[in-house]
Structure formats: structure tokens, C-alpha cells
Amino acid sequence: MWPNFPLFPDAASSVAREVDALYLGWLAISLFFSLLIGALIVVFFMKYRRRAWRRFGSTADIKTLPVEVTWSVIPLVIALSMFAWGAKVFFDQMRPPADAVGFYGVAKQWMWKFQHPEGVREINALHVPVGQPIQITLTSEDVIHSLFIPAFRVKTDVLPGRYTTLWFEATKPGEYHLFCTEYCGTEHSRMIGTVYALAPEDYETWLATGRTGVPLRVSGGELFGRFACDTCHRMERATPELPARGPSLAGLFGTEVELVGGGTVTADETYLRRSILEPQAHVVAGWQPIMPTFKGQMSEEQLNALVDYVKSLPAGTQTADEDGAPGAAGESPASNAG
Amino acid sequence: MTDHVVSRKIYFLVFIALMVGTAVTVWVAFFDLGAANDAIMLTIAVAKATLVVLYFMHVRYSGRLIALTVGSGILFLLILLALALADYVTRGWVVLGR
Amino acid sequence: MSSLHAEHGPRHHPALAHHFEDLEQQKEASSFGMWVFLVTEIMFFGGLFCAYLIYRRASFAAFAEASATLDIDLGAFNTAVLIGSSLTMALAVWSAQMSRKKLVVLFLLATFVLGGVFLGVKVVEYGHKFHEHHVPGRHFEWENPATEAGAEMFFSLYFAMTGLHASHMVVGMGLILFLLVPAWRGRYGRDYYNPIECFGLYWHFVDIVWIFLFPLLYLIGRHGVPGGH
Amino acid sequence: MSTSAATALPEPNYLSAGWTLRSWLLTKDHKRIAILYMVSVTLFFVLGGVFAFLARLELLTPAGDMVTADVYNRLFTMHGVIMVFFFLIPSVPAVLGNFLVPLMIGAKDLAFPRINLLSWYLFMIGGTITVAAILLGGVDTGWTFYTPYSTVYSNSHVVLTVIGVFINGFSSILTGLNFIVTIHRMRAPGLTWFRLPLFIWAHYATSLIMILGTPVVAITLLLVAVERLLHLGIFDPALGGDPVLFQHLFWFYSHPAVYIMILPSMGVVSELIAAFARKKVFGYHFVAFASIAIAILGFLVWGHHLFVSGQSTYAGLVFSVLSMLVAIPSAVKVFNWTATLHQGSISRETPMLYALGFIGLFTIGGLTGVMLATTGIDVHVHDTYFVVAHFHYIMVGGAIMGYLGGLHYWWPKITGRLYPRFWSKISALLVFIGFNLTFFPQFILGYLGMPRRYWSYPEEFQVLNVLSTAGATILGVGYVFPLVYLLYSLRRGAAAGDNPWGAAGLEWETTSPPPTFNFEHEPVVTGGPYDFTNVKEALFDE
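Residue numbers (my numbering), protein chains in the order written: chain A, 1 to 338; chain B, 1 to 98; chain C, 1 to 229; chain D, 1 to 542.
Bound conformation, chain A alone (with noise of 0.2 Å):
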């Protein structure tokens, strides 16, 4: 599989090809001006070789500003072009498609958790369909770790308390490296992995072949009733006699939340996972903050499925039913309503 010498890393994802773009660009530009300012060093070293005739350098006086001026403004132009296309492939590492389906993965001292959301665990490996955008939220449950694919060009801290994320798109089924980054411990060299691209009717059939698992959404929707969250986050459910103590989560992830006190937050994955292990920090404009703490109470794994349930609650939905299904809770009787 691996070759034995190679020079260059195997371009497996919709990025990589941006990125190697990018790379052979600042590549020649470095290769011009090292060559130029070699070449002479080497020349001038060799014609103003110092000799008896020449025991001094010139000292004639040149004008040097146009020259300055000349060599200051090209690097400068080159240095800012190539910044707005670093920009732009940085926003497409960044930014993950639309239709990116939500993967989890839980970093710990020297072990990668993956979780699809299917909810079929790995660990240190990870099978993705190519040409599906995948997107990974990450955790840590105790150093700062990295997750990184060269294969794929993409690579994003995993951070304790909070959550980041890292998407790609594998172009080309087979076998890649998935290493841990940032250092971590002892063990850092062995936080290793293989990522496995497989071909969409591969994928399905890997998932098939006796994998088990509740899916990510479901079992956060039994979470999201355990441990009793809808009895304030009523949201439609709410009624004069029984009114909600919390606000609504239906739709909110990914607004603007407006906050007691003035300010706005964006109600992103660390938002959510926050508000949930210390719901005080932002309190939500026209509520109380009397939500209790859940922190200690969860795992990291469930906290991503509580997260995840959130996330997938569209606008006017009502909270799940028992069995957490978020896509029946359109009508959904309100059988826990009392």
C-alpha cells in the first residue's frame, strides 16, 4: 500500500488539490527568489574577489530609494496575493458544505472515539463514504489533541470543554494516515489511525455487515427525556396552565441568541454544549436563569448526542416523544405533556 520513498502525499479529498495548488505556487515563487539571491551570492563572490587592485568596494553613492521602494512593494504584492488565496482555501478547509452529514469523535490519552451517525463507534479507525462531505465534531476528554489527515489536507485541534470541527470530502477510495498532531503525552506517537475511504455501495455494505448502534439523534432524543430537559424546554407544548421556563430550542442552532444583559451569541456546537454543563454563562434575554447544571452527569459521548438531537430539531417542532424520534414529533401527543 505504501510506497517506499515517496516525496509527495497522496491528494485524496476535494481540498487536497487546492491545497497542493496553493503549496506549488508559493513553491515556485520561493525557488525563484532563493535561486535569484543564490545565484548572486555566487556570482558576485566570484567577479569582486578581493585583489590587490581592488583592496576597496565602490563607494560611489547610489540613489537607493527606488530601488528600496522596488523591492519592498513586489514582495509585498506577492506576499498579500498569495495571502487572499491562502484566505480562500482556508475558508474552504474551513467551511464544510451544506449537505455535510454530522460524524462525532472523542479524543483521549492516546485514543480516537469515532461515532457515525448511525451510531456505529470506531476507534482509531474511521470508514467514510468518497464523495459524501463529512463533517466531524470533535472533543477531548483531557489534553489538547489534533486530528490530522495528510491524505486529505485538513487538520484541527481538539480541544477539551469545547468543541471543533473538521469536514472533508474523500475523492478516491483506499487506505490513509490519521494522525494525532498536537502533542499529547507519552503515547503521542501511537494516537494513530487509519481513515477508510470506500466506495458509497462499500460504505453501506461495511455498515450493514453486523455494526450495530442507535442512531446519534435517537438516543439524544432519550437523553434529551432522561434527563428531563423538556419539562422546561417545552416549546410548542407550552400552554397558559403549564408554560415553558425555558426558551424554545426548536430551530436555534445556528442563530443569533439574544442575551440577558445586552449581546448576542451564536448558538453553535460549543454554545449548546455549554449551555447545557453551565447554563449561567449566557442566559437567554426573557428567562431566568434557574436552569440547573448537568456537568458530571453525562459523558462526552452523550453529551454529543444531546447536542446532535438539538441541532436536529427544525423550526416549530415540538419536543421529542419517548422514543426520540425528532422526525415524529410533528404530531406528536402529548402523552408526557402532563
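One or more of the hints may lead you astray.
DSBU-like mimics (lysine-lysine), calculated; alpha carbons at most 30 Å apart, straight line [said to hold, decoys possible]:
(1) D:536 x C:27
(2) D:536 x A:63
(3) C:27 x B:9
(4) D:536 x A:88
(5) D:536 x D:425
(6) A:295 x A:108
(7) D:280 x D:536
(8) A:47 x D:425
(9) A:47 x A:108
(10) C:101 x C:27
(11) C:102 x B:9
(12) C:129 x A:295
(13) A:172 x A:88
(14) A:113 x A:295
(15) A:63 x D:425
(16) D:28 x A:47
(17) C:101 x B:9
(18) A:172 x A:113
(19) D:280 x D:425
Examples of chain B residues toward chain C, derived with CB under 8 Å [claimed, not checked]:
(20) 5
(21) 13
(22) 18
(23) 20
(24) 24
(25) 25
(26) 49
(27) 54
(28) 60
(29) 61
(30) 69
(31) 72
(32) 75
(33) 88
(34) 92
(35) 93
Treat the hints as calculated values from the structure; they're not laboratory data. For glycine and all other residues, C-beta sits at the position ideal for the given N, C-alpha and C.
Since chain A is already given, all that's left is putting chains B, C and D on it; use the hints.
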């Protein structure tokens, strides 16, 4: 650094201004003025610090070099605060994937 | 570049170091040096102020709640004490400039005593924190679990910032003792008061730090916790 | 011109001012303090080099088979800590700067000689504490001490190491303070700012960074120690603390710290190019201002170390564009040095070989630096060997080449003796070849995706790693050479005379070695720098 001697009167006046500033800061803190609380508090603190620097520390009577030194200290502190804050303020801005 | 002969007839003041041309150059060098040092002090505290700013923004409610538990009377009293000590320090420099050598000693002593009062009050405040279990770490206790983390962060910053400030006070008081001996011997007067002046700059700087610490730490949550009304 | 066979040095000189240990350990003479620094940074360099070499040996094979993972982690950490804080940062400023700043500006000493000695003692205390931490078992956090690994999870001597670095920080601050005050207040009559040698401009810029940046890393490391010891959790995620804030504060210093390492070497190179091309540096004003611009802009770019660390995308872009700006003054310097060679009278003495090597390697290091500051590329190569190769090109190819070049240039001034020129040229060549063989393959490794700080690695990376280790061996040999022949020259070297290179500058107008107070008479300056018209014949003109 000149040998300028600041009169005792100025010292006492500055002292009184500092005490008044402290009293006002405490007094204002008990009213809910929203964001203005912080603004007033910091303005008074900056004013007090400026008085100390200019008179107690004689910067008003010293040369440009000293003023430049103080200014650069403040400038680089602001650089630290501003650029670090630039990260935290914009963290929620990434376009989210659904 | 060429060098010429330029001899200086040194009229040696006992305090003039060999490598300076005259006392004026020496004085300028040392007060400039002191200012440069104070710039490093600005940045030294700056790191903490940066952390404060960012965490306060992230956990404002908890910070306000925690700030409200600090003793505002003691804090305000200490602010006044420190401003007073800055005044006595400024007067010590003035006395030296006027060659009022007894007054130098007196004002240095007054500064020392006021510094001591400040630290004494600080010790009392720290004592309260220990009793209330508001010291971060294993024994930290906080009634409201929803703001516990933020409150512990507030107290971490409180102890780091006031602790660093207090350690500067201790160093400052040590330096006063160091200056008192030559002051007692009448060494500081109109033509040589460098050390007093440089020390004054340090002391005023420590005062300025407190001028910011007091409102930032003590006065956040005095008009009620946001969202709580 | 034949070399003089005389071995007697001019008397009195600062070296003969006292032979007792006490006369060294309590000296207030900046030149003797420079010697104290020279001896101590050399010891630290050897120590750091041994760690590097052991780490490179481990990487000969893909499997971690020479030492355990834990030992390997300690090796690269201690290599980094020792080299960065105890060699690179003090090397040029505290050795060459200490020796030359007063000489070049025609002063008798630095403004605060006692503080100068104090900074050496702080350096030694910090160094001793760090070495003690190493002897007790070392530290395994990486030289960057990232939290929460350093504050909670590491079981090594983090606190001791951090305190050692903290104390050493004050040494650096006091050196910077001393230089700034000295350059402002102690210049000889007639020595205006634009008559200053570029070495002085570079050291002024370096000192700005030392006093503005070092305190921030000092307080940050102090907080790490306090968090470990007293559980004051400023960076603790459990309290809502943000490990990324640690990185912000750490890099606020540690990025400019790279310029603490490279700027003084740039100052050295400016001197070398002028002296060995016998020509005024092209665009003197631009090279001077470039130093200041690098120092100031250097404080605006630290976030380019955090593109993938959870920093906001937009902050990343701001830091990226600001980083592009720092490239400009660096490029201006390179172009000006090259232009200085044009129509020069170029000598092939050892210092010049180092200077030319510096320009080439710094160009590569700088260009790859701008590549890293380009967000789209950094996402891929961040924390890979590409980064390792880049900063070694800057620090080893740049800073150390500058230091060695400067040492070879001013050695006759410092010791009054000449070293064997042939061997010194061989050594310069070995260093250049060894260096490139060590670090060039690492660029390729990095783009392939090999992460840094890996004790074992996939097999396909082996060939390049073997090349790198082979290069490190040659580099090591290249470094041992000067150690031998410079020591040899102390006893056997011929007396150098006041100005063996035919260079311009106040330091060459006094004797070699200079007297304790530097000049017999206070010099008065009447013209700009790099004026070779009155230079007497040198020892080694073709």
C-alpha cells in the same frame, strides 16, 4: 529628567482628586447603568492613573523620551489585549454546517 | 569615523560611577532605566489583565456574583491607603529635592507604614476567603452550581492579580528599608536623590495597578447580578 | 601581507586585569561578563546538542527502539528548552552584544554594570534550576508547555523547569534594559543615531522585544507553575479556562522571541558583509529601520501559530495578513545585503563564509515562514516536520550561523589571537553541508504529513529520516571543530593586532584585547559608519 520640583500644593490637589475619583467610582457602582457602569469605572481609573503618571511620576515635566517609553508600554499592552480579544469576539462567526 | 582626544576632568561626586561622564548622565540613565523597567512591569501585569478581560467576557454573570462577595469597604479603604502612600512617597521625593533630609526619612517611614496597613488589610481579606472556602482548589465551595466554575475562575484571577500586586508591595517595602539607612545618614539631597526618585516611580506604578484592580475586582456586581432582577 | 609571529598581547588589557576566580565572578566589566556568558552558553549548547543528537538517533528507524517514548519526549523537550531559552536567546546579545555594544558606541561600559552581572547570575540560577530538573528526570511537555498537559497531566518536573525559565526571563529583560539605556544615553560625542553600526540598531530592536515580550511569557509560565502547585486554575478547562488563551499569551512572547534570536544575527551579518566587502552597507537607513519594523510588527503576528488550534477563522486571517507584512522588512534586508556585495572587494575569510551562508539559509527559512503564514498551507503542515525544518532554518541556519560568523570575526578582538584559518573554513563548509542535509529532508517529510514530536513513525518516512540523521552527524562534527581550534588559538594563536581584518568601526580602533575601560581616550565621532577610507592594511589581503 529635569530637576523640576513639583510644588506640594499640586501633590495635595492630585491626592484630593484621586480620593474623589475613588469615592465616585464606588458610588456609581451601586447604580445599574448597563454598559455605562464599565465605561465610567474605566474612565475614572484611567483618569486617576493619568494624574499619578503626570504629576506623582513627573512625566509632565520630563522629556519626550520618557513620554515615548510610557506610551509604548501602553501601546503594546493594548496590542496584546486587542489582538487576543479579536480571536474571542469572532469565534462564533464561522459559517456553520447543518 | 575618527576618534579625537577628549579628556574630561572628573570632579568626583562619591555617588558617581566610573563609567558615567557626570552625575547628570548617571541620573538620566537611571531614571530612564527605571521607566523601561516599568514598561516590563506593565506587560507583566498585562498578561493577567488579558486573562481577566477574556474570562470576564465569557462568564460575566459568575464574575458579577463572585465580585459581590468581596468586601467593598475594605477594598475602598485600601485604595485610599495606597493613594495616601503615593502622596507620602511623592513628598519624600520632594523633600529630597529640597534637601529636607529629616523629612525624607519621615515620609519614607510614612509610606512604609501605609504599605504595611494595606498588606494587613489584604491578609484579613485573604483570611475571610479561606473561611468562606472561596480559595480555588479542592476546598472551593460555591452555593450556585450553575456559576461555580466561573466563580472559581474569578477567585483564581483575584488571587493571582492581588497576590502579584501584594508581592510587589512586599518588595517595595523591602526597598524602603534599604533606602532608609542612607536617608538617615543624610545622603539624599538636592544634588543626589536618584534612588529615592526611582523607587518613587516603582511605588507609584504599584499604586496605579491597584487603581485598576479595585474597580475591576470589587465593583462588578454591586448593582445586582444581571439577569437576577 | 604576512602574519606577525608576535605572541605578546598589548598591556594592560581587560583579560590581564585579574586572574583570580573572584576577579571573574565579581567583575563588572561588560567584556568579562560577555566571556562568562560565552562559556556558559557554550555549555548549554553542547547539552542541547547532545539531546538533539540522541533524538535524531532514535529517529533512524521507524520503530521506537532506542529509548522509550517517555525518554524520547523528554529528549526533545529538553533540547527545545535548553536551546531556545539558554542558548539561542542569550547567544548573540549576551555574548557579542555585551562585548561590543559599549565598544561600538565608544562607552566605557554598559549603563548598569552591576545589573549586567546580575543578569548573568540570574541566567546561571535559571540554568542551574533547569539542569537540576533535567537531572531529576527531566520534563516532557515540549518547550511550549501547552496546558492542560503541562498543568494537569504531565508527571515530569514542569514546575522546576518553568521556574528556571522564569528566572532566566529576568536575565533577558535586564540585558535588554541595559542595552536600551546604554544606546540612548552613553553614545560617544558625535555618534548620532544614523552613524550607529547596524549591529547596534539590531540590538536596540532586540532589546525592545526583550523588555516588551519577556514579561508576558514570565507571567504565563508563572501561572502554569501556580496552577500545578496551588490549583489556581487560570487555564483549567474545568473552570471555563481556555487552553488557547495560554497559547495566545505564550506566543505573544515566543513569536517575537524568534526575532530576539534572528535580529542580533542580522546585525552581525550587516557588520560582516560591510567589513568583508569593504563597502558601506547598501541602503543603510532601510536596513536599520527594517530591524525596528521587524521588532514592532513581530508583536502583531503571534496568532499564526494558532490557525488550527481553535482560534477563530477570522482572527486567523487577521494574523495571516499581518504576518505577510513582517516578510517585507526581512526581504529588504536580504536584498540590501546582496546589493552590498555588488562591486565590493569580497574577502573569503571564514566570517564572510558564515555571513553568505546565513543569507542563503535565512532566505529559505524566511520564505518557508511566509508559506506557513499562508492559512491554506498551514492547516496541512502545522505541527509537522515542515514547521520543524522552517524554524531550524531560521534558528540554526540563521541565528547560529550569525553567532559563529560573529564569533570568528570578533575573536581576535575578544582574545587578541588569531585562529587557524584553514580549519575554520573547513568547519564552516561542514556546518553548511551538514545543516542542509539535516533539515532539507524535513521539509519533504513535513509536507508528506509526518507530525513533529513523534517517537515512532510509519515506514515510508524512513529514508528521509536517515538522511536527516546523517546530516546531523556532519553538523555535529562541524560544530566540534571551532570548539577545538578556538581553544587552541588561546594558547598558540598569533597576536592579532588592533584591526586584523581591515574593518571599520570604533571597536577596531582600540587594542585587541581592549583595556578595561575600552578606550584610552573617549572617542569623538565625526562621520558615518562603514567608512573604510582610513583603514590601514589588513593582515590577510589578497
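Evaluated hints:
For the hint pairing residue 536 of chain D with residue 27 of chain C, the CA-to-CA distance comes to about 39 Å; that exceeds 30 Å, so the pair is violated. At roughly 28 Å between alpha-carbon atoms, residue 536 of chain D and residue 63 of chain A fall within 30 Å of each other, so this suggested pair holds. Under the criterion of a C-alpha separation no larger than 30 Å, the hint pairing residue 27 of chain C with residue 9 of chain B is consistent with the structure, at around 26 Å. For the given pair, residue 536 of chain D sits about 59 Å from residue 88 of chain A by alpha-carbon distance, which is inconsistent with the 30 Å threshold.
Taking the CA atoms of residue 536 of chain D and residue 425 of chain D, the gap is near 25 Å; set against the 30 Å cutoff, the hint holds. At roughly 18 Å between alpha-carbon atoms, residue 295 of chain A and residue 108 of chain A fall within 30 Å of each other, so this suggested pair holds. Annotation: proposed proximity of residue 280 of chain D to residue 536 of chain D holds, straight-line Cα distance about 17 Å (limit 30 Å). Annotation: proposed proximity of residue 47 of chain A to residue 425 of chain D holds, straight-line Cα distance about 20 Å (limit 30 Å).
Taken as a hint, the residue 47 of chain A and residue 108 of chain A pair is broken in the structure, with Cα atoms around 61 Å apart against an allowance of 30 Å. Only pairs whose Cα atoms come within 30 Å are accepted, and residue 101 of chain C paired with residue 27 of chain C is accepted, the gap being roughly 19 Å. With a C-alpha separation of about 20 Å, the suggested pair residue 102 of chain C and residue 9 of chain B falls inside the 30 Å cut-off, and the hint holds. With a C-alpha separation of about 25 Å, the suggested pair residue 129 of chain C and residue 295 of chain A falls inside the 30 Å cut-off, and the hint holds.
At most 30 Å may separate the alpha-carbon atoms for a hinted pair to count; residue 172 of chain A and residue 88 of chain A meet this at roughly 23 Å. Restraint check for residue 113 of chain A and residue 295 of chain A: the C-alpha separation of about 21 Å stays at or below 30 Å, so the hint holds. At most 30 Å may separate the alpha-carbon atoms for a hinted pair to count; residue 63 of chain A and residue 425 of chain D exceed this at roughly 36 Å. Taking the CA atoms of residue 28 of chain D and residue 47 of chain A, the gap is about 47 Å. The hint is violated against a cut of 30 Å.
Annotation: proposed proximity of residue 101 of chain C to residue 9 of chain B holds, straight-line Cα distance about 20 Å (limit 30 Å). Of the pairs offered as hints, the one joining residue 172 of chain A and residue 113 of chain A holds, with about 23 Å between alpha carbons and a cut-off of 30 Å not exceeded. Under the criterion of a C-alpha separation no larger than 30 Å, the hint pairing residue 280 of chain D with residue 425 of chain D is consistent with the structure, at around 25 Å. Annotation: residue 5 of chain B was flagged as interfacial toward chain C, and the flag holds, the nearest CB pair being 5 Å apart, inside 8 Å.
Evaluation of the residue 13 of chain B hint against chain C yields a violated restraint, the C-beta minimum of about 11 Å exceeding 8 Å. The beta carbon of residue 18 of chain B is positioned within 8 Å of a beta carbon in chain C (closest approach about 5 Å), and the interface hint is therefore held. A distance limit of 8 Å between C-beta atoms decides the matter here; for residue 20 of chain B the minimum to chain C is near 11 Å, and the interface restraint is violated. Hint status for residue 24 of chain B: violated, given a least beta-carbon distance of 11 Å to chain C, over 8 Å.
Residue-level restraint check for residue 25 of chain B holds (minimum Cβ-Cβ distance to chain C is 5 Å; threshold 8 Å). With a least beta-carbon distance of about 5 Å to chain C, the hint placing residue 49 of chain B at the interface is held under the 8 Å criterion. With a cut of 8 Å, the hint placing residue 54 of chain B at the interface with chain C is violated, because the nearest CB-to-CB distance is about 11 Å. Among the interface hints, the one on residue 60 of chain B is violated; its C-beta lies about 13 Å from the nearest C-beta in chain C, farther than the 8 Å criterion.
Taking 8 Å as the C-beta contact cut-off toward chain C, the hint placing residue 61 of chain B at the interface is violated, the least distance being around 12 Å. Because the beta carbon of residue 69 of chain B sits about 5 Å from the nearest beta carbon in chain C, less than 8 Å, this interface hint is met. Of the supplied interface hints, the one on residue 72 of chain B holds, with its beta-carbon coming within about 7 Å of a beta-carbon of chain C, less than 8 Å. Hint status for residue 75 of chain B relative to chain C: violated, with the closest Cβ pair at about 10 Å, above 8 Å.
At its closest, the beta carbon of residue 88 of chain B sits 5 Å from a beta carbon of chain C; the interface hint therefore holds under the 8 Å criterion. Annotation: interface hint on residue 92 of chain B violated; nearest CB of chain C at approximately 12 Å, more than 8 Å. Restraint check, residue 93 of chain B versus chain C: the minimum CB separation of about 15 Å is more than 8 Å; hint violated.
When the structure is compared with the earlier hints, violations turn up for hints 1, 4, 9, 15, 16, 21, 23, 24, 27, 28, 29, 32, 34, 35 and for no others.
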